[in-house]
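Chains as they are written, first to last, in my numbering: chain C, 1 to 310; chain V, 1 to 310.
Bear in mind the hints are in silico, worked out from the structure with no lab data behind them. Just to be clear, a hint being listed does not mean it is correct.
Copies of the same chain are indistinguishable here, so a pair counts whether it falls within one copy or spans any two.
Claimed, not checked - When the alpha-carbon atoms are kept at most 20 Å apart in a straight line, the in silico SDA-like pairs for lysine to any residue are as follows:
{"no.": "1", "residue 1": "Lys-199", "residue 2": "Pro-159"}
{"no.": "2", "residue 1": "Lys-45", "residue 2": "Gly-81"}
{"no.": "3", "residue 1": "Lys-224", "residue 2": "Asn-121"}
{"no.": "4", "residue 1": "Lys-237", "residue 2": "Leu-129"}
{"no.": "5", "residue 1": "Lys-199", "residue 2": "Tyr-157"}
{"no.": "6", "residue 1": "Lys-132", "residue 2": "Tyr-157"}
{"no.": "7", "residue 1": "Lys-43", "residue 2": "Lys-70"}
{"no.": "8", "residue 1": "Lys-295", "residue 2": "Leu-92"}
{"no.": "9", "residue 1": "Lys-224", "residue 2": "Pro-159"}
{"no.": "10", "residue 1": "Lys-271", "residue 2": "Asn-170"}
{"no.": "11", "residue 1": "Lys-132", "residue 2": "Thr-198"}
{"no.": "12", "residue 1": "Lys-199", "residue 2": "Arg-188"}
{"no.": "13", "residue 1": "Lys-224", "residue 2": "Asp-161"}
{"no.": "14", "residue 1": "Lys-189", "residue 2": "Asn-115"}
{"no.": "15", "residue 1": "Lys-224", "residue 2": "Ala-160"}
{"no.": "16", "residue 1": "Lys-224", "residue 2": "Tyr-157"}
Every value quoted in this text rests on a predicted model; they were computed, and no experiment measured them.
2 protein chains.
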Amino acid sequence: MEKTIKVFAPATVSNVGCGFDTLGFALNEPGDIVILKKNNLNKIKVTKITGDKGAISKKMEENTASMAVKHLLSKLNDSIGIDIEIRKKMPLSSGLGSSAASAVAAVFAANKLLNNPFSKNELLEFALLGEKVASKAIHADNVAPCLFGGFILVRDYNPADIVELNYPRNMYCTVLYPQLKINTSEARKLIKKNLQLTKARRHFGNIGALVAGLNNSDYELIGKSIVDEISEPFRSKLIPGYFDIKNAALTAGAIACNISGSGPSIFAFSKNQKEANKIGAEMMLALKKKNIQGKVYISKINPNGPKVIG
Amino acid sequence: MEKTIKVFAPATVSNVGCGFDTLGFALNEPGDIVILKKNNLNKIKVTKITGDKGAISKKMEENTASMAVKHLLSKLNDSIGIDIEIRKKMPLSSGLGSSAASAVAAVFAANKLLNNPFSKNELLEFALLGEKVASKAIHADNVAPCLFGGFILVRDYNPADIVELNYPRNMYCTVLYPQLKINTSEARKLIKKNLQLTKARRHFGNIGALVAGLNNSDYELIGKSIVDEISEPFRSKLIPGYFDIKNAALTAGAIACNISGSGPSIFAFSKNQKEANKIGAEMMLALKKKNIQGKVYISKINPNGPKVIG
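Please put together the full structure from these sequences, using the hints given.
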């Protein structure tokens, strides 16, 4: 049995326009790295956090990674001790599933360390319980695509039931991260608890159409179905210049553009890397006009999820 | 140019559980027959209605078939006169898209009579405007599958934008029609105008999952995603013994069972004709226990929509 393992888990884009709390996909980069090492203390310990660690707690009960590992070990009834080092390689509170990535990396690593006692579906439950520490609720639309890779639909939450969707393997995603912090649970409070049936119906049509469009690599259908009447109208207000950035992406040839998760990151789909680069440059220009710094990530959809590295 | 044409247009199942006002599919039977004949009066006339005609009006402005043809002719700026004979071959107010079938058969026939000046997308608009006479609103989830055949998703209503879904070609549909009349616009009034976001989210997950399941012929996924939290809880109250009938279908092996449109018809999916027959027999038994007469239709999904006959 190995004693140390190092795992990368990817950033994820959730909501994807029409799919509030339902759809998400994994990116190739950025992502978090977690290093797990067995200790002789019979305790789970967060030993070190580096990178964009913000106010992430090292306390076992307050950290998504250690809590995810705790749920995993509880299931085994194992009193093994594990040291966890977290290298935050992506911005916190960016709408890119940062807390999910740490939780997923940790359970994936712990499972490897213990010679794979659990299936991915079981790891999903542990990671969800871990991630709950950060988002105060179970939201599988980051955790599931991070763990499974690809484009994921969360059919149900009790228990989590996910569907791995078909999608065009050559589609690119440009992500602009504007250097603003948006707290996930605060951003959720902007969302109304009730929805007009007429609005819900348009989301029904768009979600079904997006799944069909992804399946058939129908870029036109993908484009027109990425419409968000639930969160974009409110969350866009927290991102200065959001609609200018979105227009810049669409003018530069993006198939679709919308807010990633609860923001402030913004994603745009395109058909090839050249377009993806151009879209990134134009989005960045629009952001700079608001005197906000940012960072662009260009990535295909990541089909794999977490991986052992180093 | 021909002077007379006879067209069959199929019954349709709409809603399909999770897809309120969004999903629908066509059956092989039952359906309506419409006969169009040119006249020299420069007028559209409903000459005859036979079959289960209920209170269907022969007045041009009150009949779905003639109004659909009127919209078609207006677009052509043509003063041609047409006699319309309608043979209602399916029960009225049954939740099987009876008014849609007459409207679709009529515009399909008129287009043929005039040597096909219009595309199916254009015919859809005319049929929708015709069908509005019956349902008091534009609801494409019967009209579109009736016209296009197959399994249809209505992405948008303004203007109508439909997506032809992939689906398993060997799946069977059993429809039980209990001999009760339910008025579509009355049944709509039972539906609440607002939806809790949590409930809407479950529909998001189920619609996306149903489209994915249909695409991959994943019967398990199709089965578990056909869940209706919007209309079934209310409309089921209008169908005596509904949950007994549904249980009978599921116990007999149905993949899923739910209300067709606004009811009272009930549909059930299965994997082959033998199961479809058994399901029909068991549903009928459960209905008879409530001392209600009924009729069972067994059909694959009809891939074609309307057709010229005779």
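Hint by hint, here is what the structure shows:
1. Taking the shortest alpha-carbon separations for Lys-199 and Pro-159, only the inter-copy value of 15 Å comes in at or below 20 Å, while the best intra-copy value is 27 Å.
2. In this homomeric assembly, Lys-45 and Gly-81 come within 20 Å of each other (Cα to Cα) only inside a single copy, at 8 Å, whereas the closest approach across copies is 85 Å.
3. Within a single copy, Lys-224 and Asn-121 get their C-alpha atoms only as close as 32 Å, which misses the 20 Å cut-off; across copies the closest is 18 Å, which meets it.
4. For the homomeric pair Lys-237 and Leu-129, neither the shortest alpha-carbon distance inside one copy (30 Å) nor that between copies (39 Å) is at most 20 Å.
5. For a Cα distance limit of 20 Å, the shortest separation of Lys-199 from Tyr-157 across copies, 12 Å, qualifies, whereas the shortest one inside one copy, 22 Å, does not.
6. In this homomeric assembly, Lys-132 and Tyr-157 come within 20 Å of each other (Cα to Cα) only inside a single copy, at 13 Å, whereas the closest approach across copies is 38 Å.
7. In the homo-oligomer, the alpha carbons of Lys-43 and Lys-70 lie at most 20 Å apart inside one protomer (9 Å), although the nearest pairing across protomers, at 78 Å, exceeds that limit.
8. Proximity of Lys-295 to Leu-92 under the C-alpha cut-off of 20 Å is restricted to the intra-copy arrangement: shortest distance 13 Å within a copy versus 61 Å between copies.
9. Taking the shortest Cα distances, Lys-224 and Pro-159 sit within 20 Å of each other only across copies (13 Å), while inside one copy they are farther apart (31 Å).
10. For the homomeric pair Lys-271 and Asn-170, the shortest alpha-carbon distance inside one copy (7 Å) is at most 20 Å, but the shortest distance between copies (34 Å) is not.
11. For the identical chains of this complex, Lys-132 and Thr-198 are inter-copy neighbours only, at 17 Å across copies versus 32 Å inside a copy, given an alpha-carbon limit of 20 Å.
12. Within a single copy, Lys-199 and Arg-188 get their C-alpha atoms as close as 18 Å, and across copies as close as 16 Å, so both meet the 20 Å cut-off.
13. Taking identical chains as interchangeable, the C-alpha atoms of Lys-224 and Asp-161 lie at most 20 Å apart only when they sit on different chains, with a minimum of 10 Å there against 27 Å within one chain.
14. Proximity of Lys-189 to Asn-115 under the C-alpha cut-off of 20 Å is found in neither arrangement, the shortest distances being 41 Å within a copy and 58 Å between copies.
15. With identical chains, the CA atoms of Lys-224 and Ala-160 are at most 20 Å apart between copies only, with a shortest distance of 13 Å across copies and 28 Å within one.
16. In this assembly of identical chains, Lys-224 and Tyr-157 lie within 20 Å of each other by CA distance solely across copies; the values are 13 Å between and 27 Å within a copy.
Of the numbered hints listed earlier, those contradicted by the structure are 4 and 14.
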